[in-house]
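**Student:** Numbering-wise, the sequence shown is residues 7 to 299 according to our numbering.
Rather than coming from a laboratory, the hints here were simulated on the basis of the structure. Worth double-checking, as some hints may not be accurate.
With beta-carbon atoms standing in for the labels, derived distance ranges [claimed, not checked]:
no., residue 1, residue 2, range
1, Asn24, Leu60, 20 to 30 Å
2, Lys201, Gly16, 47 to 57 Å
3, Phe150, Leu19, 51 to 61 Å
4, Leu60, Ile242, 34 to 44 Å
5, Asp228, Phe136, 18 to 28 Å
6, Arg54, Val173, 53 to 63 Å
7, Asn130, Ile242, 24 to 34 Å
No more than 20 Å apart at the CA atoms, straight line, and that leaves these computed lysine to any residue pairs for SDA-like [said to hold, decoys possible]:
no., residue 1, residue 2
8, Lys141, Met223
9, Lys194, Val173
10, Lys231, Thr244
11, Lys194, Ile212
12, Lys141, Phe220
13, Lys141, Gly151
14, Lys57, Val26
15, Lys231, Leu145
Idealized CB from N, CA, C, for every residue including glycine.
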Amino acid sequence: MANMNLYSRGDRLFVITNMVLIGLFAISTLYPFIYIASLSMSSGFEARAGKVLLTPVAFTLEAYQYVLSDSQFWISYGNTFIYTIGGTIASLAFIIPGAYALSRPQLFGRRFWNLVVAFTMWFNAGLIPFFLNMKDLGLLDSYFGIIIGFAVNGFNIILLRNFFESVPQSFEEAARMDGANEFQVLWKVYLPLSKPAIATITLFCIVSRWNGFFWAMVLLQDEDKIPLQVFLRHTIATLSDDQEFGNSLMNANYSFETVSAAIIVCSIIPVLLVYPFMQKYFEKGILLGGVKE
Numbered sequence: 007m008a009n010m011n012l013y014s015r016g017d018r019l020f021v022i023t024n025m026v027l028i029g030l031f032a033i034s035t036l037y038p039f040i041y042i043a044s045l046s047m048s049s050g051f052e053a054r055a056g057k058v059l060l061t062p063v064a065f066t067l068e069a070y071q072y073v074l075s076d077s078q079f080w081i082s083y084g085n086t087f088i089y090t091i092g093g094t095i096a097s098l099a100f101i102i103p104g105a106y107a108l109s110r111p112q113l114f115g116r117r118f119w120n121l122v123v124a125f126t127m128w129f130n131a132g133l134i135p136f137f138l139n140m141k142d143l144g145l146l147d148s149y150f151g152i153i154i155g156f157a158v159n160g161f162n163i164i165l166l167r168n169f170f171e172s173v174p175q176s177f178e179e180a181a182r183m184d185g186a187n188e189f190q191v192l193w194k195v196y197l198p199l200s201k202p203a204i205a206t207i208t209l210f211c212i213v214s215r216w217n218g219f220f221w222a223m224v225l226l227q228d229e230d231k232i233p234l235q236v237f238l239r240h241t242i243a244t245l246s247d248d249q250e251f252g253n254s255l256m257n258a259n260y261s262f263e264t265v266s267a268a269i270i271v272c273s274i275i276p277v278l279l280v281y282p283f284m285q286k287y288f289e290k291g292i293l294l295g296g297v298k299e
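Start from the sequences, fold in the hints, and give me the full structure.
**Tutor:** Dropping the structure here:
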């Protein structure tokens, strides 16, 4: 940190105020994670009594033992990885060529097609028409429907298109002089130079797929195909009315609250592990892709 004596009184006050505000903001964002983690590792009796505030009370891992012993949890966890990995690959397979095509000045009707993509960010067909469309296409209650039905996002296309447009034309011209075609220009010139933007788009896709809930709940009926977020919803909806589960609490050290918290903690661990490796690309990708020169 720079020497505060080099600042005027007004500047010092400004810096200190910023540090306090940033610190409060950091605490406000971290506290929910800390609370849920502490709740999941606390005794069910203490959790129901509302005694958990910051650290675990009457530390126990019985809630995790209950969750991890449930075969449906692991099935849903595996499904979430399928939807996340498959959906992210499908999204990139559509977004990268689409963004590259829209960035080409020679594209016929380029302004019209850019407007069509931007239009989807403001308006959509609605819930019922989309559901009926998925039904007519035979994509209900299927892995393929979840993976391919939500592969394209207009915002991601425009973000990557702006990044492609910021790549100096001299790189493309050099590749053209060496005889490169459109596919080779995309693969050997634009993709290597666009790693920050592509990493950012990939992270957006991963988080969106991993947290996908509503349409998975609507389109999937087979419990062996539901993702983790839908499993969490089913758990919250059913455990509170499950008489057998209620009876088991009499001799157990977990509760409805701690079991739900344990599922939430397990669901966010993969994203927390992936983000640090992609964070270095995130800021650069947003800045360069979000601003058009």
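**Student:** The structure should be examined with respect to each hint, and the outcome stated for every one.
**Tutor:** So, going through the hints one by one against the coordinates:
The given range of 20 to 30 Å is respected by asparagine 24 and leucine 60, whose C-beta atoms sit roughly 26 Å from each other. The hinted range of 47 to 57 Å is not satisfied by lysine 201 and glycine 16, whose Cβ atoms lie roughly 41 Å apart. Between phenylalanine 150 and leucine 19 the beta carbon distance is about 59 Å. The supplied range of 51 to 61 Å therefore holds. Evaluation of the 34 to 44 Å hint for leucine 60 and isoleucine 242 yields a failure: the beta carbon distance comes to about 23 Å.
Checked against the given bound of 18 to 28 Å, the beta carbons of aspartate 228 and phenylalanine 136, roughly 20 Å apart, stay inside it. Checking the proposed 53 to 63 Å range against arginine 54 and valine 173 shows it holds: the Cβ atoms sit about 57 Å from each other. Restraint check, asparagine 130 to isoleucine 242: a C-beta distance of roughly 28 Å satisfies the suggested window 24 to 34 Å. Distance check on the hinted pair: lysine 141 and methionine 223 sit about 14 Å apart at the alpha-carbon level, within 20 Å; holds.
For a cut-off of 20 Å, the pair hint linking lysine 194 to valine 173 stands: about 13 Å separates their Cα positions. Taken as a hint, the lysine 231 and threonine 244 pair is honoured in the structure, with Cα atoms around 18 Å apart against an allowance of 20 Å. Under the criterion of a C-alpha separation no larger than 20 Å, the hint pairing lysine 194 with isoleucine 212 is inconsistent with the structure, at around 25 Å. Annotation: proposed proximity of lysine 141 to phenylalanine 220 holds, straight-line Cα distance about 16 Å (limit 20 Å).
In summary, the hint linking lysine 141 to glycine 151 is supported, as the alpha carbons are separated by about 10 Å, within the 20 Å threshold. For a cut-off of 20 Å, the pair hint linking lysine 57 to valine 26 is broken: about 28 Å separates their Cα positions. With a C-alpha separation of about 13 Å, the suggested pair lysine 231 and leucine 145 falls inside the 20 Å cut-off, and the hint holds.
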